[in-house]
Structures are given as structure tokens and as C-alpha cells.
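**Q** Going by the working numbering, the first residue of the sequence shown is number 960, and it counts up by one from there.
Mixed in with the good hints there might be a few duds.
[Unchecked claim] SDA-like, lysine to any residue: derived pairs with alpha carbons at most 25 Å apart:
hint	residue 1	residue 2
1	K1163	K1382
2	K1463	R1164
3	K1539	R1551
4	K1209	R1164
5	K1382	G1302
6	K1502	E1544
[As the list claims (entries may be wrong)] Okay, the calculated beta carbon distance ranges per label pair:
hint	residue 1	residue 2	range
7	K1349	A1162	50 to 58 Å
8	K1540	F991	25 to 33 Å
9	Y1503	E1166	42 to 50 Å
10	A1169	N1133	55 to 63 Å
11	K1170	P1316	46 to 54 Å
12	S1001	A1081	24 to 32 Å
Note that these hints are calculated values from the structure, not bench results. On a predicted model such as this, the values are computed, not experimentally measured, just so you know. Here a beta-carbon is modelled for each residue, glycine too, at the ideal position from N, C-alpha and C.
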Amino acid sequence: MRLAVSFHGLFWLALCLSSCHSPDILSTKENFVINCDAEQVSGRHFSNNGVLFSHGDRQSDEAFFSGRHSIKLSPDKPFGFGCEMGPVFSGDTISASVWRYARTGFGALAIQGDHHLYMDQAEFSETKGKWTLLNMQMVIPPGFDSTGIKVFAYNTGKEGDVYFDDLKVSYRKNSWPPRAIRTVEYPTLKIDIPDSSYHQLLAKRSEAYAKGYLDVGRKDFLPAQLTVDDRQLAVKIRLKGDLLDHLSTKKWSFRILLPGSGEWHHMQEFSIQKPQTRNMLHEWVLHRLLAEEEIFTTYYGFCRAILNGESLGIYAIEEAFNNSIFKSRGLDPMPIVRFNENGLWVNASKSSDQVLPFFASADIKGFKRQQGIDQEMQQRAKQQLFRFKKGSGEVEELFDIDQMARMLALIDLANGWHALQWKNVRFCMDPETNKLLPIVFDAYNKKEVDRSLAPFAGYEAHHACDLLIAGEKCLIPRLFSSQNLYDKYLGYLYDFTRQDYIDKLLYRLYPETRSLERFLQTEFPNYRYDFLYLKSNARNILKYLMPYPMVSLKAYRSGDTLYMESYHPVPLVVIGLGNKKKMRETLADPIRLASYRKGHEAPNIRWPTRAGGRYVYFKIPGIDQLFQEKIIPHPYPGL
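Please work from the sequences and hints to get the whole structure.
**A** See the structure below:
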């Protein structure tokens, strides 16, 4: 299933549909369910119980699922029966299904609206003989109120005919109460830097361009004055950011420190930077996701900045790593640890991360600004992260696996993989359990992550990995060496990518997100937050997470032996045997097949059993949903 297509693709679809001679737009004042069995034709339309559907002139009696007719679509006449409804609003639900048959062609079911709103479904959910059932559902997301929605079937291929029958479309009005956009007040930070300090900043910027990166530390903080919320605060300031994009144009990135016990919004130290460095609103949305699931993260927000009387426009505010992360949540401070990335930046101009062993050589560091931290606990936290890096100690012994599993699943949903780079990962130690908890930040940069090879972190990742050889690329597989963590992760990944979770999430976040979008548009008028982004990511993840019929599991019977192979990118657990309608026998000891990795032998097992049954029943670890696969009634060809 796809959600959203290119503008060119939508334009082409709209152009074709404009010539469909669509019937009248269905009113959406009330909920309704309509059907089209392709049996009755009225003029150029199909007719069913007084409702007209487009393209009745393409009725065919060559193949049919029910009755005596269907609609036949060819590459030169690709669009089939459909209907149009409207207007629709955020939270409204459109569901559709249709039966499809194709000897050589390809066909899909689609829902299309205004404002580039589009979804299609080509994967089937059920088979009956030569016919397959396509099912789909769209909840209109916040920000996409539409004047009209089209539901239609179409031939997606360049060759071959496709037949469709028994189209069913239902509409359900939004049951959520309306939510108004909130007007949020954004602080203005007035920063005044003395001339002497400003010239030192210019010199440091020139040095960074000469080196190719910014090399700064505590010694580089310079005196300045910050005026915010009618308060004048004596602060220290320095340039911020490893890469030079933080120093381009006049909008430099800054780290601001309030000496002593001073703080602003619970923060003693924070950064301000161009919103683009964290992909505008994407970082803010991820922080909200993490907070809702009780995963530690830094404060992230937006402000206006004025430097020495000159407006610099809108900045993103990002909390630094110190005790304020815990104080703002009413918790006692916990030691924060990380991999030391200094070796990477000192040698950045000499070699890439692919050549020198920057990660393998990295030691473990704490944060100097953390005051009153139990030194024994901090040392224990460092030792545990170091043991993980060296591949010693069980993952369950070192980390809170439930927190880690939830964090990884949310990162997948939001496509914030930049947070999982070894130089960005941060952990704190829970004093009650003595286990490491994740703290997430810096999840995005300007470059979009390519998910074509791995749509989620656990894709083909359940295998052994040597941290010292593979370096940072092994961090996630090493975590997934814990079967308990991995199974929890798969369960959370399924829960977080389900449509009802995403719809309710977008509904909760919409008022603030829309307000932030409008605020950013005062400087970036062409900016639009993609409210379909999470939905699109979720659908892509589910597409690869859930099993494919006749592909993910292969089972062969030879006498009293079953030979099973897995071609699924996550593990499968065989739990029983039965017929097509019901599992008749449950295994006392379920059989686990490891995940398939491209280019490797498929994980397999021989299972001696006298039990009958034509179907194998199986599950994905952590997901409470049952799947079945028909047993091939002959021996495995390779035996």
C-alpha cells in the first residue's frame, strides 16, 4: 500500500479521472455503505440501489466473482468503476474493498483527494479461487480537509487485462470533537555580545572553515548578555555544531550557558540553531512521540533571536545534556554517558569513518556540567556502556530492554535514524535497576535517510555481529542479539504503526503542530509540514513487517517430516497445524525460524511429526496475530 504520490503522478491520475464521466458526488452528511456488483448498467454508469458508479461501458461477462458480470480494464482503458463523495474532513474514515482477477495484468484500488492526498492498495488480503480481495482504509489526516474524495479501481500495468467485481465503499463521519489550532507564544532571545567576544567568535569560525569542522570546548565560552521573558541574564556563549552548515550564512548556531545556578525554562545550558539542521518540525514531532511513550529526550522548541540588535529570524532551541533533563520531570539526576567522538572530529580531515576505526577506539565519557552525580554510579554506567561496546555482558543485564525496544520502534516510525549514529547515542543509568536508559536527540539532518534497503532497524538484523569489526553498523544488531528485546521491539513496532495509533496521535498533535508550522512560515513561507509523513512511514514498515502469502514461509511434507524455510526479514514462530479455517493442533514447543537475509541460505528446520493438517500456523514474535501457509504436499526438492 502506498500513501502519497508525486505531483506528476497525481496530475496524470486527475487528468484521466476528469474524463471518467463521474456520477453525482455522494453526500457525506451521514454515514453510509454502498456496493457495486457490476450487474446493472444505466447509460454509461453502473447502477446499484439508486447509486451510480463510473464506467458502466466497460462491463464484461468474460469473468466474474459473483453474478454474471464484472468490469474489464485494459492498459488503454485503465480506470474502472468508482464513486466520488464530499466534502470530507479530518478524522473521517473511508473504507473500500474489491475483488480482482488478472491472468497477466496488474490492478489496484485507490482513494484520491485534494492537496496531494492519495493512497492505493495492490496487495491482496484474501483469495477465493482465481480472485483476490483488495482491502484499504483511509482516515483523513489533520490538515487535509478535502472538497471531495474519489474511490476507484484501475489497471496499473502496461500489458494485460484486469477484472474487478463487487466494489464496496463505506464512509464514517469523524467521531472526534473538533480541535482548534492553538496560538502559541514564542520567546524572543536578545543576545548582546561585546565586540571583543564577537571578534573571537569570528576567529573561531575562520578556524573551523580552515579545519573543515568546529573544534570547541569549555574554554571557548565568552561573556554575553541574554534578555528573554523580561529578564536580563549574564550568560556565556560559544559557537556550536560539528559541521560547517551550523556556521553558514549569518545564522550561526550558538551554545548558551547560564553560570552558577542560573536557569531559563529549567535549562542551565542550551543551543539555538537553524530549524533546517533538524529538518524543521520533524525533530519536534519525534520529541513529542518520545515524551508520550516516556522515553527521555531533551527539550526542543522554537524562538526568535536578535544578535546585537540585528534580527536573525527563527531558531530551534535544544536542551544540552545536564541535570535539567531530569529536574524538569521531577526526578533526581542520573549520570549521562556517551561514546567519545573527539577522535572522529580531530581526524575528520584525514580520513572517513569507513577507514579509521573511530568507533572501535572510542572511550566512554560523561558530561562535566552534571553536578552532584553519584561518582560510583557514573563509573558503573561507563563500565556498562564499555562492556556493550566490547561485546561482553548480556544486553538484558546492561540495558532496560523495554525502554530500548520502545525507543527503536519510535525512531523507525519517525525515520529519525540519525539519532542512532554512534556519535549521537546517549544513555543514563536508572539508580533503581542499575540499567542504562536511552536519551534521544539529533534525529535528523538535511539529508533524507534512504530506507530502500532497510525499511526499519530490525529488518534482517537478527544475527550475530562483531562490534569491533563492524563498528557502529553493528550497534543495532548487537542490541537485537537479545531475543527478548527484539521481540518487544517487533511488538511495539506493530503497535506504533497501526492506523488507529497514528490517527489518534496526529489528532492530538495537530493543534500545536499547525501553530508551529504557521510560525515557521513567517520566515519560510513555502514550508509545509507533511502530515502524511508518519502515516506513509507506518504503512511502508507494515508492508515489510507482515508476512507475504506463498513467500515468507515455505513448508514441504515428506511422510512424517515437515521441512520449513523462512524467507521473511524478521523471525517467524510456528505454533501449530490445521486446515484452512482453523488451527487443530497447538505445538507444546513452538518452532522459531530466524530472519532471512538476502544473499544467505534461508533459515530452515526439519520437524518430525505424525500430526496431520494441510496448513502451518505461525506468528511474528511480539505480535498477537495468527497467519497460515499451505503445506506443499511433496518432499523438499533439495533433499
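**Q** Determine for every hint whether it applies to the structure shown.
**A** Cross-check of the supplied hints:
no.	hint	verdict
1	K1163 / K1382	holds, 23 Å
2	K1463 / R1164	violated, 45 Å
3	K1539 / R1551	holds, 22 Å
4	K1209 / R1164	holds, 11 Å
5	K1382 / G1302	holds, 11 Å
6	K1502 / E1544	violated, 29 Å
7	K1349 / A1162: 50 to 58 Å	violated, 41 Å
8	K1540 / F991: 25 to 33 Å	holds, 32 Å
9	Y1503 / E1166: 42 to 50 Å	holds, 46 Å
10	A1169 / N1133: 55 to 63 Å	holds, 58 Å
11	K1170 / P1316: 46 to 54 Å	violated, 21 Å
12	S1001 / A1081: 24 to 32 Å	holds, 30 Å
Checked against the numbered hints listed earlier, the structure breaks hints 2, 6, 7 and 11; every other hint is satisfied.
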